[in-house]
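Novice: Sequence:
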Amino acid sequence: MRLRQAILAATLAATAGAAVPAAAQESSWQFAVTPRFQYSFLNFNASGQTSRFEPATIPFYGGTVEVAPPGLRNWSFLLTVMDGSDYGGDFTQIASGLRIGSYEIHRRDIEALIRYRIEGTGVSLFGGFRYIRQRVRTTLDAPGFIFFNTGTPLFDNKINFYLAELGGGYSHPLTPRGEHSLFGNLVVGLGKSRSTTNAINDVPFNLFAVTFDANAGYNWQFANCCAFQARYRAFVFPAGNRTFKDLAVQHGPEVGLTFRFSIH
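Take the sequence shown: its letters are residues 1 to 264, numbered as in this note's numbering.
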């Protein structure tokens with residue numbers, strides 16, 4: 001009898017212990033931290049130029065922090081920051097085909113999104129804001145060449161994008177427990193871009209901007225708190241002074257490693 005009572009007591013204790021994590025999860029803050037690396041290709045030439053930039057190859061470093069509040073497991077807030085630069089690209093005169101200088105490009109991308117997961121469907125909805133700062137510094141090194149609007153061999157162009165974003169995504173499991181899955185996301189941005197330069201009589205140029213950010217990839221959940229993602233991403237934005245003309249495409253592979261934890 002005592003043996004049966006001991007077994008029953010142990011069983012009840014184990015059952016109670018197993019129920020705690022689920023309850024704790026509902027009453028705790030859930031966090032996911034994802035360091036990211038993206039290798040991007042970018043051609044940002046526009047029509048009407050007399051000289052052309054060599055396409056840039058930009059390594060981006062950064063990451064995403066996702067926070068889900070207690071009791072709202074389908075809702076989360078995501079903050080992503082990515083930063084990248086490319087140096088020494090050629091600046092070539094179109095008519096002669098001669099290299100007349102070089103350029104460097106710097107991009108910083110900050111995105112804040114709210115995500116809602118539609119339970120049992122694999123579908124997610126996104127909404128939020130995005131800020132992008134792009135700076136291109138062009139230096140003429142050919143003898144006697146200067147930019148007429150600056151009076152110097154240096155032309156410094158800064159473009160800021162301010163965007164409101166809406167979009168959605170879908171994740172499809174490849175295994176019964178979901179350790180392996182495929183996913184895709186599409187986010188549309190609406191807002192404005194503001195361009196300034198170091199020209200002598202510079203007047204800031206504002207443009208209504210429409211952007212598209214699409215990515216698709218693979219997710220491997222190799223531990224309860226760890227996952228690996230590999231995706232291909234393309235971001236489309238206006239490169240010239242018209243909203244739907246001279247669109248630039250920043251695209252390339254991206255990898256990330258997610259670590260999840262909770263705070264009670």
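Rather than coming from a laboratory, the hints here were simulated on the basis of the structure. It cannot be assumed that every hint is accurate.
Calculated lysine to aspartate or glutamate pairs in the EDC-like style (CA-CA distance at most 16 Å, straight line) [unchecked claim]: (1) LYS158 - GLU119; (2) LYS158 - ASP202; (3) LYS192 - GLU165.
All values reported here derive from a predicted model rather than from experimental measurement.
Novice: Okay, which hints does this one fail, numbers in order?
Specialist: 1
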